[in-house]
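Going down the list, the sequences are from chains A and B. Going letter by letter, the first sequence gives residues 0 to 528 in numbering that gives the first Met the number 0. Going letter by letter, the second sequence gives residues 0 to 251 in numbering that gives the first Met the number 0.
Calculated from the structure, these hints are not laboratory results. Cβ coordinates follow ideal geometry from the N, Cα and C atoms, glycine included.
Some but not every residue of chain B turned toward chain A, in silico, with C-beta under 10 Å:
#1 LYS6
#2 THR10
#3 VAL68
#4 VAL115
#5 VAL116
#6 ASP121
#7 GLY123
#8 LEU126
#9 ARG130
#10 GLN131
#11 ILE146
#12 THR163
#13 GLU198
#14 PHE200
Think about it this way: if two alpha-carbon atoms lie no more than 25 Å apart in a straight line, the pair counts; the simulated DMTMM-like pairs of lysine to aspartate or glutamate are:
#15 LYS216(A) to GLU208(B)
#16 LYS6(B) to GLU353(A)
#17 LYS6(B) to ASP350(A)
#18 LYS237(B) to ASP63(B)
#19 LYS348(A) to GLU367(A)
#20 LYS172(B) to ASP161(A)
#21 LYS216(A) to GLU90(A)
#22 LYS348(A) to GLU22(B)
#23 LYS216(A) to GLU198(B)
Reference listing, derived: stretches of chain B covered by chain A, where coverage requires no fewer than 3 residues with Cβ under 8 Å from a Cβ of chain A:
#24 19–31
#25 69–75
#26 133–139
#27 182–196
#28 210–222
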Amino acid sequence: MDHSRLKELIEAAWGEQARCRLDTARGVNEVTCGRATLAQLCGRLFHEWGFAFAGLIVEEGASEWSLRYVFYGAEQDARWVHVVAAAPLAETVFPSIAVQARIFAADWHEREAEDLYGVHFDGHPRLGDFVLHDDAWQEGVQPMRRGFDAAAAMRDRRPVADWRPRRAVKESGAFILPIGPKFSGVTESVHFQLETVGEDVIRSWTRLFFKWRAVEKLAEGKEAQDALLLAERFAATTAFAHGLAFCRAVEAICGTDVPARARLLRVLLAELERLRQHAGAIQEICESTALVVANSQAGLIEEELLRVSGELAGHRYLFGLLAPGGLAADLPTGACARALQGAQAAVAKLDELERRLTVSSSFLDRLEEVGAIWPRTAKAYSLVGPVARASGLARDLRRAQPYLGYEAFDFDVPVEQEGDGYARLRVLFAEARQSARIIGQAVSALQEGEVHRPVSPAAGAALGWVEAPRGATFHWVRLDERGRVSRYRAVTPSFANWHSFHLGAEKFAFQDFPIILSTFDLSAAENDR
Amino acid sequence: MSQWVIKGIRTGIRSTQYPSAEERAAGVTPGLPAATMLERDAADMVARCPTRALAQAGGGVAVDYRRCVHCFRCVRGVQRPLAWHAGYEWAGRAAAARPRDGEPLDGPFRRSIHIVVVDAGDCGACLNEVRQLNNPYYNMHRLGFFITPTPRHADVLLVVGPGTDHMRVALRKVYDAMPTPKRVVAAGACALSGGVFAESFVCAHGVGELLPVDVEVPGNPPPPLAILHGLLVAVGRKPPAALLSALPGTTR
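Just chain B, same shape as in the assembly (with noise of 0.2 Å):
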């Protein structure tokens, strides 16, 4: 077995850098869309949109990252593409976010945070991503993060997926089994909004109408430094993206 030691050591420190510094190997994000300012071709642009994640603003498009679900319309067999966010830290406070002053999340344990992942009806893309967390490059550990297999001690629910009818009762139960404080991030498109499922009579529009959620990461499926992110962002040690703004000199 000494073959297996040696070939770990030799194979060195693969991690990156990120939060400390910024991860700019290739592949590491699909990026999103930008609000851009596009006077002429901005209703062909919205009609494109699959997802209604565009919407018409004072002299461009504004996106709604929450529904985006990277068709690549708006850059793919356009004359002019929007502009191209590339980033990763996408990961905002949802708006129905609980107050959370001096909790103790925030505090002296958020150096150590249990993380029970559900399945609310994923297509396996967005939990391959919070598979690559726990491989090298990732390494979710050396940060304090910890996936759990039980909720009784896990501190932030993690879930993805649009919250298909058959899962409501095992996410509540979830839910509910996890001592206080807690969090839930919903992680993907289709946690967000349903994604491309949101019509779909047995998904709900996204897992907040079965949650409280506290924190959202964009994407389909948000690659891993996405969702690290929304994990700092949960326990207060990034700030949210400003990302999710509106158009540039526009309010939404």
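Looking at chain A on its own, in the form it has when it is part of the complex (with noise of 0.2 Å):
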């Protein structure tokens, strides 16, 4: 389907209601429509026309609110579908397009949004208690609006004081096992409950953003370049990726150009984090089953990986190349040669580690079957990454949404069908082979060039777009007249699997929980910001 096909739909079916206006030159077709409208264009979008949502980006005007709903073309040709809603500021009500159009992904886009700005979305039945805990802080504490006053806030500090977990199995003999925030050995904040007669969890609960820093808050009022260290350091093990979606934002507003050169250095680093990460995850798969010398050799595989990107890059987690317009320093040719050795030579080791683990059948049967997602449930949440392709989704941006010439490039996108822990594991070992023949691809075709063009700094809003290593990731910056940002959403890949993980805790023995969750490669410094 394309824009001019997706036009006639809507018009046809909605009339003067929704008004789609195409911008050719990105790709995106917004269309604006009231808030009756909405839910049913939304429902459309993503149940009948196969759209996979992306995001809700939330944006207080100087009268009125614009909720901008956005949509891509997950496994098709076609481009992005913005859907805008806009009310006067005083009206607080949207309707809930998680519950009446049936679109679960948007569930914690509308809980966040209720908690940070105050917003209401009528019919959704769990607001609140979300990003603000209702333990540390009172309703009506609204962080995102402009005319927030933090000092007010935290000096006038009124949380519940009964507060208690939420319950949903009644039976007799059933009781809660709380986990965390502070639990096992290295691990992130994380707070589960899981409800038990006995020995298997019936139902889970996740409680996230214990480490919320408001990221999105802090970044407002910054130069491009300054939010860009936040943007690089709020989920440090997948730095490189989302201060690339952030960049692409920036130099998207300012029509900039990146330099052939820096395109390429780019994909070498997205690639290289990706192996590394991919790496780490199959690490800690290994470490939750206990099996002590695969965690070893995985260990050292993750640690080679990342003295590679430390000599490389001069930082072992890629910090500080990235800049609006390219990168902050070029990379010398024979140091790129090096790391693409030292990629191989990973993936080498990484391809020995995974035939040893398929035939070490204790190893198996603690993944095997375990902590399943099934393709379905996968598409109504509208999960992203290796979560995804392992669950049967072909969803992959590289593919889909093509950027910085990921089209010329030729790799494969790897897929199963089982959704449990054992395919998720297969899937990281594909991906990491996958990574290594996209650096080799862009070792060979580098040529000398400038790495960075300056960026003239322009007011507007855009999209930049990554496929990191966890998944999908979007991220919307609006500049203002002095090239400031005023407005920052990053919607983040472990936003939108989490919302999935405790489908796969249930119905397990709490002893699969550790193993579970680390075949999610989940990060809670993604979701929180």
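Two chains, each in its own frame: build the complex with the hints.
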């Protein structure tokens, strides 16, 4: 389905109620509609026309709200559709598309918007107690509003004193096993409540945002290059991908054409980061199953890739190289070739590790049929990354919405159907191999040239998207006349995938919990921001 | 399963010689800017630093390592870059550290130390570098350091992240649950100064606002060897870094 066909369909269905405006340069169809049409239109896009839901971006203008629902063609040759609904600031009730249009993927987006902006979503059953914990803050604190007074909010704290976890299991003898926010050895701060009557987890609840640093609020008023520091550092195991998405948004606003060498180097660095992050995820899976030698072997590979990154970029997590307009420093071609050798050596070791793991029955027993997410669920929740691809969704922005010239690279998008922990592990191994292939092609295509073009500041807004190691990420940036950030919203893969995690954790025994958690490769830092 | 045993033996010993010898492999540290004599463009250099880690000091630039976030603006895209410290022994004693004469952590127990790690809003990088301490390259067990899940068994509290509002209670509970004597090691620019999150209304300017910190490990993130150095400093097995001082020939 192309844009003109979509326009016909929308106009035939809603006439004057929904107006399409096509931005051919960016491939974005912006559909403006009223609140009455919103749920129906979004529902049709998602359920009938095969678009995936990327995220909801709320913006507070001078006099009105703008709620932007971003959809993208995930498995077809369609592009971006932004459904925009506006309302005067005094009117804060919008339809919940999670409920009224049954787009579950929008569930957490609506909860976040309600918590941070005070926008209410009609029909949503679980608003409140999400980003702002009820046992830390009273209702009515709306930190993302323009007029928010942080000092006053910190002075006047009236948390709910008798906060209790939500419960679903009513059977006699049912109890909650609480885990976290501090749990196990070296883990991120997340709280889980596992409901049970004995052995199996019947219902699980995930409580996030212990690490909420209000990054998006912090970015407001900063120059693009300073906001980039935040984009790189809010989830630094995938720093380059998030920094890149931010830079791409800024470059789209300012109409900057990134030089060819910088594009290739960005591909190289992004794939090196993916390879390293996947090796780290594989290590965590080996660790969770207590297979000691495999854990050590994977740990060696991860550290070797960290050293390759450090030697190439000067920083093990690739900080400080990105700049709007290209890269802040050129990387010598010889160093890139050495990094390629490092990546290839790592992949050879990963291949050997995978061969050994696939004949270790005690290891496979812990992963097979464990933590399964069905393809239907993956689609309904608009899951992304290796988690989605292990559940039959062949979604990869490098293919579906190519950027940085990925269309010229020869690589496969590995897909598995079972959706269990083992399928996710196989996808990680297969993607690591593809990353090394892409790095090889990037290095051989490298030619001398500049790596940075100055960015002439401009006002406007744009979406920057990147297939990060954990999946699709979408960064919405708005710059004001002075070139400063007036709105930044990072929709991250972990935000999409944590939403479905509770489904994977249910109907399994307690001892499977750490294994299921590790196979999802979720980051709380990326979710919480 | 014998394949794993054989593979493990064939891999041999990969662990670093540190602390008995220096680790010289490439890519183990991002380095840090070093205080540099710069008469001409010191003011410009200070203005380039986004976290106020640089300050003008008598004919040059001094560095507050607790604030450096590795943005590399003082070395990339400038005519005269700052000198670069490529080491990793960066840990120092915190200004407010407790007196510790004769405490058993410095004595008989210093080769069997249990560490509880708390993520107080970390971006994932510091935590990932702490995780590397258990991989064979760093193998902290050989030095008698062990990660424990429970504060009840812990001697050292290793904190990463700036100290987010929602983690204050959990962090305090972990600290209070630890038996004495105990040490707090804060690792990473965020844990020392808030890093890039310092201005956030829901972040502390480092965990020192929430807990008494004994040892500070700079870096964003500090590489595994720097964290290891911090742990060794915490139990008196290594001297604190001299790096955390001012410009040569000046006091600060």
